[in-house]
Amino acid sequence: MADYKEIITRYKDLPGGIIEAYHAIQKEQSYLPEEAIIAAAEVFEIPVKDAYGVATFYSMFSVKSRGKNVIRICESAPCHIAGAADVVAALEKELGIKMGETTPDGKFALEFTECVGQCQATPVITINGKPYGDITADKIPAILAEYK
Amino acid sequence: MANVTIDGIKVSVPDGSTILQAAQVAGVRVPTLCYHPDQAVKANCRVCVCEVEGQRLLQAACSQPVYDGMVVKTHSPKVVEARKTILELILAHHPQDCLSCIRNQNCELQALAEEYAIRENPFEKMVRGLPKDTSTPSIVRDPDKCVLCRRCVYACSVFQSVNALGLENRGNHAMVVPSLGKDLLDSPCVMCGQCIHACPVGAITENEQIDEFLAAVADPDKVVVTQIAPAIRVAIGEEVGMKTGEMPMEVFVAGLRQLGFDYVLHTNFTADLTILEEGNELLKRLKEGGKLPMFTSCSPGWINFCETFYPDLLDNLSTCKSPQQMFGALVKTYWAEKMGIDPAKIYSVSIMPCTAKKFEASRPEMKDSGFRDVDLVLTTREVGRLFRMAGIDFSKLAPSKFDSWMGAYTGAAVIFGATGGVMEAALRTVYEVVTGKTLEDLNFTFARGMEGIKEAEIDLDGTKVKVAIGHGLANARKLMDQVRAGQSPYHFIEIMACPGGCIGGGGQPLTKANVKRAERIDAIYVEDEGLPLRKSHENPEVKVLYEEFLHEPLGHKSHELLHTHYTPKNKKFL
Numbered sequence: 000m001a002d003y004k005e006i007i008t009r010y011k012d013l014p015g016g017i018i019e020a021y022h023a024i025q026k027e028q029s030y031l032p033e034e035a036i037i038a039a040a041e042v043f044e045i046p047v048k049d050a051y052g053v054a055t056f057y058s059m060f061s062v063k064s065r066g067k068n069v070i071r072i073c074e075s076a077p078c079h080i081a082g083a084a085d086v087v088a089a090l091e092k093e094l095g096i097k098m099g100e101t102t103p104d105g106k107f108a109l110e111f112t113e114c115v116g117q118c119q120a121t122p123v124i125t126i127n128g129k130p131y132g133d134i135t136a137d138k139i140p141a142i143l144a145e146y147k
Numbered sequence: 000m001a002n003v004t005i006d007g008i009k010v011s012v013p014d015g016s017t018i019l020q021a022a023q024v025a026g027v028r029v030p031t032l033c034y035h036p037d038q039a040v041k042a043n044c045r046v047c048v049c050e051v052e053g054q055r056l057l058q059a060a061c062s063q064p065v066y067d068g069m070v071v072k073t074h075s076p077k078v079v080e081a082r083k084t085i086l087e088l089i090l091a092h093h094p095q096d097c098l099s100c101i102r103n104q105n106c107e108l109q110a111l112a113e114e115y116a117i118r119e120n121p122f123e124k125m126v127r128g129l130p131k132d133t134s135t136p137s138i139v140r141d142p143d144k145c146v147l148c149r150r151c152v153y154a155c156s157v158f159q160s161v162n163a164l165g166l167e168n169r170g171n172h173a174m175v176v177p178s179l180g181k182d183l184l185d186s187p188c189v190m191c192g193q194c195i196h197a198c199p200v201g202a203i204t205e206n207e208q209i210d211e212f213l214a215a216v217a218d219p220d221k222v223v224v225t226q227i228a229p230a231i232r233v234a235i236g237e238e239v240g241m242k243t244g245e246m247p248m249e250v251f252v253a254g255l256r257q258l259g260f261d262y263v264l265h266t267n268f269t270a271d272l273t274i275l276e277e278g279n280e281l282l283k284r285l286k287e288g289g290k291l292p293m294f295t296s297c298s299p300g301w302i303n304f305c306e307t308f309y310p311d312l313l314d315n316l317s318t319c320k321s322p323q324q325m326f327g328a329l330v331k332t333y334w335a336e337k338m339g340i341d342p343a344k345i346y347s348v349s350i351m352p353c354t355a356k357k358f359e360a361s362r363p364e365m366k367d368s369g370f371r372d373v374d375l376v377l378t379t380r381e382v383g384r385l386f387r388m389a390g391i392d393f394s395k396l397a398p399s400k401f402d403s404w405m406g407a408y409t410g411a412a413v414i415f416g417a418t419g420g421v422m423e424a425a426l427r428t429v430y431e432v433v434t435g436k437t438l439e440d441l442n443f444t445f446a447r448g449m450e451g452i453k454e455a456e457i458d459l460d461g462t463k464v465k466v467a468i469g470h471g472l473a474n475a476r477k478l479m480d481q482v483r484a485g486q487s488p489y490h491f492i493e494i495m496a497c498p499g500g501c502i503g504g505g506g507q508p509l510t511k512a513n514v515k516r517a518e519r520i521d522a523i524y525v526e527d528e529g530l531p532l533r534k535s536h537e538n539p540e541v542k543v544l545y546e547e548f549l550h551e552p553l554g555h556k557s558h559e560l561l562h563t564h565y566t567p568k569n570k571k572f573l
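In order, the protein sequences belong to chains A and B.
Residue numbers for the first sequence follow numbering that gives the first Met the number 0, so the first one is 0 and each next one is one higher.
Residue numbers for the second sequence follow numbering that gives the first Met the number 0, so the first one is 0 and each next one is one higher.
Honestly, the hints are just simulated from the structure, not real lab data.
Model, not experiment: these values are computed from the prediction.
Take these hints with a grain of salt, some might be off.
[Stated by the list, open to error] With the C-beta cut set under 7 Å, the calculated list includes, among others, these residues of chain A facing chain B:
1) I37
2) P46
3) V47
4) K48
5) Y51
6) G52
7) T55
8) F56
Each residue gets a CB set at the ideal place from its N, CA and C atoms; glycine is no exception.
Using the sequences plus the hints, can you model the full thing?
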């Protein structure tokens with residue numbers, strides 16, 4: 000298990016540092032375990048309920064265990080029109096899971112996201128924050144192969 | 000000052016006042032939901048929106064400051080339409096089960112729906128269907144009913160510094176949840192129930208146990224005995240259409256007999272007893288160099304708080320059980336023997352202003368009589384419901400006296416119900432025990448009133464004792480941090496978990512504002528003044544108890560039945 004306190008303490012003196020600390024933990028772990036939230040409350044000297052409030056407020060953070068590589072599909076209007084539904088279907092078929100689920104080997108998680116600001120290349124997906132534009136069903140196996 | 004016109008009424012209000020405050024001055028009532036008179040403004044429900052001349056958008060009256068020359072309309076057609084829509088949107092997320100809700104006819108949302116003639120709701124019903132949280136014996140959460148006003152969160156974190164409740168998620172998915180989204184029992188909750196007073200609807204309530212009481216009364220093999228806590232009488236009238244403090248004690252007793260209690264006794268009796276045990280414990284600690292400051296131990300929410308947040312200071316707590324539990328241990332031993340009743344048949348019900356008392360009675364160590372010492376705890380609100388259920392007309396009820404041997408009490412016990420009361424009662428007795436002189440003025444007025452922390456130095460004929468009183472757990476925390484840092488100047492500290500003391504307890508008639516707590520406190524001191532005996536050591540039945548049964552304060556029997564120990568809660572997160 001990672002030393003959460005050590006990671007979190009690096010951001011202690013930053014304004015709003017708890018958010019950066021959570022990002023850093025998610026980079027290692029892809030979600031925020033309870034122990035990390037408790038550690039953040041201690042480091043930032045706030046009640047656990049508030050550290051938990053921050054962790055659940057932002058959709059970028061997850062407090063539930065999820066796949067190592069988080070794939071997000073934009074469901075905002077431009078991507079929707081450009082065929083996001085087909086991309087969803089293709090990803091679900093390729094990975095054998097539904098949206099919101101994690102693959103049994105713990106490698107991939109599927110989530111929706113709002114607009115990621117890449118509307119010149121709809122439909123868009125992101126994997127661990129990296130955007131991939133003009134996605135079609137046949138491009139998916141190659142993209143996923145990078146992460147397998 | 001700013002000159003403001005509210006619905007055509009001209010008023011002059013201090014700069015920085017809100018529209019809501021100006022409307023109050025003008026005598027205009029603006030409806031509110033998330034607003035709470037003792038809390039910071041949240042402005043999240045929008046029910047109080049008003050029209051301000053020259054502004055396109057409606058403004059929330061609770062948060063919008065006035066300016067000189069401001070013209071406000073509080074119920075123009077535009078405002079009424081907006082308020083109706085806001086209420087319809089809230090109601091679309093709210094279960095429509097008012098008939099079976101514990102807050103039926105005592106609900107701020109229901110009252111607003113009635114006021115604004117909400118009939119058909121054009122919005123689709125979207126109730127989440129979440130399960131109730133019944134993890135604690137004291138408090139039940141029904142998250143489906145939550146309107147997200149956050150008044151409970153404020154009460155829990157600011158008044159009580161417990162931080163058990165917080166927000167989860169955002170926007171349409173936002174919810175008020177115990178810390179880390181766990182059950183209340185796993186959170187730092189101390190079960191004080193201040194969240195219940197804060198809640199405008201039925202989302203947080205007491206664990207209602209009326210049916211258990213009715214079953215006990217229906218059982219011919221049970222001898223149902225009750226004890227009434229000191230803070231109940233002044234408040235119970237509020238449940239049956241009387242003013243605060245108006246219910247005469249003996250009429251209250253008569254009412255309880257109507258409910259089917261076989262014997263009516265008084266927690267005030269064990270409050271007086273507590274003073275003798277705790278007063279002597281303090282003197283012993285002072286004399287023998289025991290752990291100081293000593294903290295009072297009557298308030299179970301406070302005990303939970305100490306076990307949760309200050310496990311390192313448990314030795315500072317008086318080992319005295321609370322008056323409820325002293326009563327429980329004695330009623331099935333001393334009293335049963337005196338009355339010739341089989342203790343196995345006694346069903347001991349306490350009437351308490353407190354939700355944490357339900358938890359205290361269920362503690363595994365509270366079985367020193369050989370049985371569960373207190374079988375059932377009913378809050379003031381539950382007894383109010385039972386009175387209404389029984390259709391009792393208190394104006395026609397003939398007064399009735401308490402039953403013998405554990406029903407007598409002094410004014411010192413009565414004031415246990417108010418913050419500072421235990422301290423004042425203890426000082427009345429300790430002074431006379433130490434000095435051997437009669438106290439001329441019984442009124443230790445420094446101990447009274449709603450100020451958060453009160454302190455004094457008392458001269459016991461040369462021995463100087465420094466004392467402090469804190470009520471509301473945020474104030475307790477300040478005193479505790481001082482002790483932890485080794486900087487506490489005090490010998491004796493009284494703590495009550497709830498603001499105002501037990502009269503503001505989590506089981507009392509719903510108390511939206513501290514003004515009501517102050518009113519109840521006044522009624523407590525009126526009762527004390529009117530009693531012939533006002534010092535615990537003068538209680539005639541307590542004297543008999545010591546002569547025949549306990550023999551001496553802190554003696555062998557006392558240790559067996561009246562004293563307890565505390566255990567760190569070891570909560571995983573705070």
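### Query
Among the hints numbered above, which are violated by the structure, and what are their numbers in rising order?
none
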